[in-house]
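Student: Top line first, the protein sequences correspond to chains U and W.
Note that the working numbering has the first sequence beginning at 1, numbered continuously upward.
Note that the working numbering has the second sequence beginning at 1001, numbered continuously upward.
The set of hints was computed from the structure by calculation and includes no laboratory data.
Treat each hint with caution, since some may be false.
Claimed, not checked - On the chain U side, residues computed to face chain W include the following (Cβ under 7 Å): (1) A29; (2) G53; (3) L56; (4) G59; (5) W83; (6) G101.
Claimed, not checked - EDC-like, lysine to aspartate or glutamate: derived pairs with alpha carbons at most 20 Å apart: (7) U:K49 with W:E1101; (8) U:K106 with U:E15; (9) U:K68 with U:D54; (10) U:K49 with W:D1073; (11) U:K49 with U:E88; (12) W:K1009 with W:D1073; (13) U:K49 with U:E15; (14) U:K68 with U:E20; (15) U:K106 with W:E1059; (16) U:K68 with U:D85; (17) U:K106 with U:D85; (18) U:K106 with W:D1038; (19) U:K106 with U:E20; (20) U:K61 with U:E88; (21) U:K61 with W:E1101.
Yeah, the Cβ is synthetic: ideal placement off N, Cα and C, and Gly gets one too.
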Amino acid sequence: AQSVTQPDIHITVSEGASLELRCNYSYGATPYLFWYVQSPGQGLQLLLKYFSGDTLVQGIKGFEAEFKRSQSSFNLRKPSVHWSDAAEYFCAVATGGGADGLTFGKGTHLIIQP
Amino acid sequence: NAGVTQTPKFQVLKTGQSMTLQCAQDMNHEYMSWYRQDPGMGLRLIHYSVGAGITDQGEVPNGYNVSRSTTEDFPLRLLSAAPSQTSVYFCASSYSEVRYEQYFGPGTRLTVT
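The task is simple: from the sequences and hints, build the whole structure.
Tutor: Structure below.
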């Protein structure tokens, strides 16, 4: 079965600084990869996705992620964070073909310092 | 479009009580699913449906029932609530062709005492 690891439970970044959130997956083939964001008290919003092709994908709100097959990683990046980026971020994988939904990581809580 | 709607937003139950969490979507999505979110656990799939009349179990189905009589609605039933079911529940939907591009509802926070 596939699994997703987000090694950082909490990350604190100063406003205006760059951000990288880590995500590693375990699966025999190339899965479909996603990043979701959850603001406090809200549902999840899809930031970006990778199915195939270009390994650097652009998403909403200025986020991007890079798929690295050799490292089984799909790290999320943003060059300059804003206070409104403070939220919980979830990496998720789906293995295609089956109907068994998404497997989520446990999330990374992003704190923005003024 | 209202997207994915969930009711109620908050609910407190006593152990042994039953209730139904409602989920509806107006995007004509074939695929719908229920997740629970617990602190430090991420989201875990409870049940899913690929279309009206078809449901299947996810990772943590015990204690929950679902049915899908229409494309729009996918209710989640707790037959006999237990404290271990205290959680935030999210419903999600998507088109079958892009099954994993799921749209999430705002969630229902359930407390079982």
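Student: Could you run down the list of hints and mark each one as holding or not?
Tutor: Now for the hints, and whether the structure bears them out:
1. The closest approach between the C-beta of A29 (chain U) and any C-beta of chain W is roughly 15 Å, which is over the 7 Å cut-off, so the hint fails.
2. Using the Cβ-Cβ criterion of 7 Å, the hint placing G53 (chain U) at the interface with chain W is not satisfied: the shortest such distance is roughly 15 Å.
3. Restraint check, L56 (chain U) versus chain W: the minimum CB separation of about 19 Å is more than 7 Å; hint violated.
4. Taking 7 Å as the C-beta cut-off, the interface hint given for G59 (chain U) is violated, the closest approach to chain W being about 12 Å.
5. With 7 Å as the threshold, the beta carbon of W83 (chain U) stays out of range of chain W, its nearest partner Cβ sitting at about 22 Å, so the hint is violated.
6. Given the 7 Å rule on beta carbons, the hint for G101 (chain U) holds: about 4 Å separates it from the nearest Cβ of chain W.
7. Between K49 (chain U) and E1101 (chain W) the CA atoms are separated by roughly 8 Å; this keeps the pair inside 20 Å, and the hint holds.
8. Taken as a hint, the K106 (chain U) and E15 (chain U) pair is broken in the structure, with Cα atoms around 24 Å apart against an allowance of 20 Å.
9. A distance of roughly 11 Å separates the Cα atoms of K68 (chain U) and D54 (chain U); the hinted pair therefore holds under the 20 Å criterion.
10. Distance check on the hinted pair: K49 (chain U) and D1073 (chain W) sit about 26 Å apart at the alpha-carbon level, beyond 20 Å; violated.
11. This hinted pair checks out: K49 (chain U) and E88 (chain U) have alpha carbons roughly 17 Å apart, not beyond 20 Å.
12. Distance hint between K1009 (chain W) and D1073 (chain W) is fulfilled; the C-alpha atoms sit about 17 Å from each other, no more than 20 Å.
13. The straight-line distance between the Cα atoms of K49 (chain U) and E15 (chain U) is roughly 25 Å, outside the 20 Å bound, and the hint therefore fails.
14. At roughly 14 Å between alpha-carbon atoms, K68 (chain U) and E20 (chain U) fall within 20 Å of each other, so this suggested pair holds.
15. For the given pair, K106 (chain U) sits about 15 Å from E1059 (chain W) by alpha-carbon distance, which is consistent with the 20 Å threshold.
16. At roughly 24 Å between alpha-carbon atoms, K68 (chain U) and D85 (chain U) are farther apart than 20 Å, so this suggested pair is violated.
17. For a cut-off of 20 Å, the pair hint linking K106 (chain U) to D85 (chain U) stands: about 18 Å separates their Cα positions.
18. With a C-alpha separation of about 9 Å, the suggested pairing of K106 (chain U) with D1038 (chain W) holds against the 20 Å cut-off.
19. Distance hint between K106 (chain U) and E20 (chain U) is fulfilled; the C-alpha atoms sit about 16 Å from each other, no more than 20 Å.
20. As the CA atoms of K61 (chain U) and E88 (chain U) are separated by approximately 15 Å, the hinted pair is consistent with the 20 Å bound.
21. The suggested pairing of K61 (chain U) with E1101 (chain W) holds, with an alpha-carbon distance near 17 Å, which does not exceed 20 Å.
Violated hints for the displayed structure, listed by number in ascending order: 1, 2, 3, 4, 5, 8, 10, 13 and 16.
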